[in-house]
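Asks: Construct all of the structure, not just a fragment, from the sequences and the given hints.
The listed protein sequences derive, respectively, from chains A and B. Take this note's numbering: the final residue in the first sequence is number 160, and no numbers are missing along the way. Take this note's numbering: the final residue in the second sequence is number 1149, and no numbers are missing along the way.
Simulated from the structure, these hints should not be mistaken for laboratory data. None of the hints are false.
Derived pair list, reagent style DSS-like, types lysine-lysine, alpha-carbon separation capped at 30 Å:
1) A:LYS27 <-> A:LYS87
2) A:LYS48 <-> B:LYS1011
3) B:LYS1054 <-> A:LYS139
4) A:LYS27 <-> B:LYS1105
5) B:LYS1091 <-> A:LYS99
6) A:LYS139 <-> B:LYS1105
7) B:LYS1054 <-> A:LYS27
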Amino acid sequence: MASEYVGKVFPPLQADVEKWQLRFFAKAVGESNPIYFDEVAAQAEGHKSILAPPTYVLTLSIAEPDPFQKYRELGINPEQMLHAQQKFEYFSPIYAGDKITFTSRIVDFIERRKGAIKFLIEETDAVNQEGVMTTRFRKTVVIKGNGLNDTATEGKETAT
Amino acid sequence: MNKPFAAVFDKAGIAVGDELPILTKAPITRTTLAYFCGASNDHNPLHVDIDAAKAAGMEDVFVHGMLNMAYVGQMLTQWLPQQYLRCFEVKFGAIVHLGDELSCKGVIDERFEQAGEDCVRIRLSVHNQHDELKLTGEAVMALPNSKPE
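Replies: Right, dumping it as structure tokens:
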């Protein structure tokens, strides 16, 4: 049933990299290196502007009012999704002022324990305004129990 | 200003088994989670709303996995500048709770050449103050030819 997900391509999303949000992110994670929150300091080290830290690209990729809607449309209950693994491959930096286009697709769907646990693997390309691939990332979510085509809630461990 | 690598980095001396400087973060508070909810775009109420967490069968709110991964990223970029980071992946092993004081650790696992670059594979782990394993993973970083400025 669920192998029909593999190859599904989600509509692209565009997002602007904002200085204020990078500053807020740096504050939230207790970052002390000013290249991540101070444009003058970043430029003094040769950067174009404030540098987005390694995991920020995922934050940017969910910069929409309801990032889970695309899963609901596939019949997956987001409350049953657990973020299990995350991978990033880096090609070029992301800076404040960039505009990133995200394209995502489902690259694998694995069932374990006779379907009691399912792994959905989504790969996303983050390309900047100059057409340069900045990052490719892969998110693995576990879908627990009857989280497919059903709104029942199982309770625990529904997110990370 | 945080550039410990500049003082100690010696490419020739990097060997399998070497440890990166451990990064220990402050204990996680509700305020930490409120900030990260807003800053990360992850608005899942289970991380910030105790009523929602209890309704889902949890005792309390719990920590975003991506906050834990962000801390590991800080450990890496404190060792070498981010421009040398090639690949970074983690598995979220166990839920991180309020009050947890996370320590991020990296051990050089392999030194190898990739796409013409001298690289290291770094084995990653995060434990809390009770030595409970919360995250595992690995990163690949290229080694600069000279001491980064």
